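Enquirer: From just these sequences and the hints, can you work out the full model?
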Amino acid sequence: MTEALLAPDVLPVGARGRNSVGWWGMLCLIATESSLFAYLLFSYYFIAVQRTQAWLPDRHPSMALAGPNTLVLLASSAAVWWGEEGVKHGRRGQHLGGLAVGILLGAAFLAVQIFEWKAKHYGLASGSYASLYFTITGFHMVHVAAGVAILTVVLIWSLMGYFSPRHHARVTIAAIYWHFVDAVWLCVFFTFYLSPYLMW
Amino acid sequence: MIAREEARLPEFARVTESHPGPRLQAIWETEPGLKGWFSTVDHKEIGLRYIVTAFAFLLLGGVEALIMRVQLAGPERRLLTPEQYDQLFTMHGVSMIFLYAAPILTGFSNYLWPLLLGSRDMAFPRLNALSYWTYLAAGMFIYAGFVVGQGPNAGWFNYVPYAARQYNPGVNIDIYALGLILLGISTTVGSANFVVTFLRTRAPGMSINRVPILIWGTLTASVANLLAVPSVSLAFFLLWMDRQFATHFFDASQGQPLLWQHLFWMFGHPWVYAIVLPAMGMVSDGLPTFCRRPIVGYTAVALSSVATMALGFGVWVHHMFATGLPSLALSFFSGASLIITIPSAVAVFAWTATIWLGRPVITTAFLFFASMIVLFVIGGVSGFMTASTPVDWQLTDTYFVVAHIHYVLIGINVFPVVGAIYYWFPKMTGRLLDERLGRWNFWTMFVGFNLGFFPMHIVGLMGMPRRIYTYPHGMGWSGANLIISIGSFLFALGVLMLLVNVAVSLKRGRAAGRNPWDAPTLEWSTSSPPPPYNFEVIPEVASRHPLWEDQLDESPARSRLDEGLLLDHGRETIGTTPLDAVPDLILEMPPDTVAPFCLAVGMTVLFAAAIPHLWWLAAIGAVICGLSLTAWFWPRTIPPDAPAAEPAPGGKRQ
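These protein sequence lines are chains U and E, in that order.
Sequence positions in the first sequence follow my numbering and run 1 to 200.
Sequence positions in the second sequence follow my numbering and run 1001 to 1654.
The hints are simulated quantities; they were obtained by calculation from the structure and are not laboratory data.
These figures come from a predicted structure and were not determined experimentally.
Treat the hints with caution; some may be incorrect.
[As the list claims (entries may be wrong)] Facing chain E, a subset of chain U residues (Cβ under 8 Å, in silico):
no., residue
1, Thr32
2, Ser43
3, Tyr44
4, Tyr45
5, Ala48
Ideal Cβ positions, reconstructed from N, Cα and C, are used throughout, including at glycine.
Expert: Written out as structure tokens, the structure reads:
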């Protein structure tokens, strides 16, 4: 028999921000979802490198909508970050306001995306470019919609008083997911709107 | 709704007859009856369900194989039509690769992980339940088509253009496509659970160089699954889009048929390692117990698992050597495929050295584990041969490849799994399997297997192509094929003996006690079967072999098993740091809930409705999913430092 290996110590109880298992679980989800988008974009480039410029329905895709919309999505990330800072420091107005603004900007992004879809002169089955465009942006929109839904539920829980400066793991976890969805958009945006300038 | 504790000094306890067992039993027990059955989150219950379900799919896949072997036993036999044969070999592959090989290992790992790690459950007990229910749903989903004669029929790797709608207009492929996406969800959430369980719930003192090798195997497979499964799920989704919405991903005129093969094998090759590495881990942990010494080269074996998987992501093109790729690509992937034998060989030499340097006790489990080394070497050599491009060009799509895949998958998955059943059955049930019948079981399976599969190498070298539903007289294959069919029935007889042994021993087996094999790891320190809470107190680990410390006497430090953290304020276990396993958090574990079951039902409704395009029903499925998830993640407590003045109704604040 030997002495205790463990010096007894006061330990926090329950989920605690980045210490919680939920945070690690979300990182796993982000890893697998990142892979999903990597395989989606691989499919695009795999088909693209074997085609000529004529493969593109438009000579160079217009950034008139997608450019400003990118800024909208980035702004929503900033708002959610600001809201998370609010709950960390017990500033309830900032906490609720940040989440609410983030949700509204996310919804606005979705609305603009749907408008851009409708404005295209080609459809899902027009060719492999069109199939890739609608499928990849569609996958991203589903993720944005899921993110908006998650943030909305978190906002409701916030209004019900479930979070505090020390206990707000669900806010932190929802926020990192939202930042991930926004980061993925930058890759999608680069692929569809910028890479044609580099490839052809 | 109760306010939670903020932090506390965790109590220590010494285990006695009356404390703390009965109290923990009341906290952790699943309520009896139907509700408890659907809502349990106990990893042991879920693990057993996984094992039983996966074994059922093994038997189905086995019967499918036997029917095919009757057809192929002689030339020009017409028991099956070509279409029936196509569905049979496809379902055989799907059942074995997707519905048996991975889930059986998930089942063992689910059952064993918290016991090996000295924890009271997995990191996400509810996710565990979701993973099982979704797996069951996906299996039934894929089999639903087969039962009505509309099963998948394009082989388990389902190449386009044959799987495209133009050539395959039925719903066969659609059911396969959506069913496999559903299965992918199950695999993914299960893998995330293993990764986080490894990082956060090991017993205090169990630093990463003290975990059993099985943990390394399943961890490596889980990380790989997180990165690889999206590829196949996406491939099947895009195929479904091509078939249903006339998109152009895989058609030759606009898209790229070869994209299917890339996406499939970028998943498929890592998957091959995912379904063998945990089984190799079982051997690495089980074999040393019977050799009465620790495994030789623990660190090398653990790292070689990781290295095998890392290289495994860079070899997928060796499945595509015959597709006309540039020779630079062929050279690279051929080289990578040859190099991967090095980490695999590390394990083989470590096991051999363990037997050589130990004092082997010959049990049925030992025989299964040790014979796996032989089969692994044979499967490895045939793999090494086909890694060479010119050899592969000769052998691709012949029975040589069929022989290779069966030596690898039966050799490194089924044999270790049956060994694992003999090894851990006493822990799971409290009773030992019969050793006498066990010997018959082993030798029948071993002889049957080699008789059934070794001649496939030879008929493959003679040019017999795979996937043919019959063959003419005078090819020179008839005698060998008859031997193959006899061997496969002998092998099946061996599997039947295992079932008989399990059925008889469940009732009449010798009582096992805590540690019938005098094994070194933590699962043997608790009762057989373990109580719902696994351990009365959380063990403190001082070495790799907590139960062999007195014999080995490697250092003066001793693990503490009968005195430790009590954690009885509700369902709790200890959270520890990822590398050194120092306690840093008391984890609150969730109660039993039907939310995972409801979520699995919602997803199944969604996927089933998508096949006939019943979008309103799909929407109902999606709503069930959303509600289940919201209920699932609903916070259970109000923090004591919440700024909101109004606690929820019935809530109190500390």
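Enquirer: So which hints don't hold here, by number, going up?
Expert: Violated hints: 3, 4, 5; rest satisfied.
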